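Each residue of the sequence shown is one higher than the one before, counting from 1 in the UniProt record's numbering.
Rather than coming from a laboratory, the hints here were simulated on the basis of the structure. Please read these numbers as outputs of a predicted model, since none were measured by experiment. Fair warning: there could be bad hints in the mix.
Claimed, not checked - Distance windows between CB atoms, simulated:
hint, residue 1, residue 2, range
1, E56, S167, 34 to 44 Å
2, D24, D170, 33 to 43 Å
3, T13, D106, 16 to 26 Å
4, G104, D24, 34 to 44 Å
5, G115, S67, 40 to 50 Å
6, L111, D14, 39 to 49 Å
7, P23, A107, 38 to 48 Å
8, V51, G115, 38 to 48 Å
9, E9, R171, 35 to 45 Å
10, D27, Q108, 40 to 50 Å
11, S167, M103, 40 to 50 Å
12, A107, T85, 42 to 52 Å
We put the CB at the ideal spot given by N, CA and C, even for glycine.
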Amino acid sequence: MFLVTDPPEPPATDAFVLEPLRPDLIDLDTEAYLTSPDVIREHSCGRWPVVGFGREDNLPLVIRHWSDHQARRAFTYLFLDPEGTSSLGCLYVQPLFPYLESMGADAQTLLRYAGGATARVSYWLRQDSGPELAASVAERVDEWLRTSWPLDSYLYRATPEEEFTVSSLDRLPLDRVVIDLPAEPHSYLWWSAQVRGGTTRMVS
C-alpha cells in the first residue's frame with residue numbers, strides 16, 4: 001500500500017508543466033510515445049510495445065494509470081510543454097517496497113526501505129528532447145519530491161542507456177546505490193534520497 005493520500009500540486013516551470021495522466025490526455029501521451037521508439041525501448045528494456053501500438057492499445061493503460069492515481073496506489077504524470085499542447089514524456093511515482101519484495105530483495109534491503117511512504121521514481125522524455133530538458137526535469141522534479149511530497153525517502157531508477165537522465169541525476173545531491181534483486185532480469189541504476197531527516201545509506 002502506498003501511504004500517500006494527498007499528492008501535492010504538480011509544478012509548472014518555464015520548461016514544462018506536470019499534469020496527472022488522465023484519459024482526456026491520451027492523444028498527447030500516445031503521440032509522444034509513438035514518436036520516441038528508441039527512448040521507449042531503452043526505458044522499458046524492450047518490454048513495452050512500439051511497432052503496431054496505437055491509441056486503442058494505449059487507452060486501457062491510461063485508464064489503469066488514472067485509476068491508480070485516483071485510488072492513491074501509484075501516480076503517473078505527463079510532462080507537457082508550457083502551452084499544454086504537446087507531451088514531453090511521462091513521470092511515474094510508485095511504491096518501492098512491493099517491487100523490492102516481488103524481485104527477491106534480501107531482508108536487510110527490505111528493512112532499509114520498508115514502509116509505505118518510500119517511492120520508486122522513473123521517467124522518460126520524448127526522443128526529440130535534449131540534455132537541457134533532461135537537466136531541468138531532474139532538478140525541478142527532485143525539488144518537488146524533496147520539499148512537497150509526504151515521503152520518507154525515494155529512489156530513482158533508470159537504465160544505463162538513458163544517458164541524459166543518468167547524467168542529470170548524477171549532478172543532483174543523490175547517492176548512487178546498488179540493489180541486489182535476484183528476480184529482476186534487467187540491469188538498472190539507482191539513486192537514493194531521504195527527505196525526513198537522517199542520512200542516505202548505501203545498499204550493497
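Structure-based check of all given hints:
no.	hint	in the structure
1	E56 <-> S167: 34 to 44 Å	36 Å, holds
2	D24 <-> D170: 33 to 43 Å	36 Å, holds
3	T13 <-> D106: 16 to 26 Å	39 Å, violated
4	G104 <-> D24: 34 to 44 Å	39 Å, holds
5	G115 <-> S67: 40 to 50 Å	24 Å, violated
6	L111 <-> D14: 39 to 49 Å	42 Å, holds
7	P23 <-> A107: 38 to 48 Å	41 Å, holds
8	V51 <-> G115: 38 to 48 Å	40 Å, holds
9	E9 <-> R171: 35 to 45 Å	26 Å, violated
10	D27 <-> Q108: 40 to 50 Å	46 Å, holds
11	S167 <-> M103: 40 to 50 Å	26 Å, violated
12	A107 <-> T85: 42 to 52 Å	49 Å, holds
In terms of the numbered hints stated before, the structure departs from hints 3, 5, 9, 11, listed from lowest to highest.
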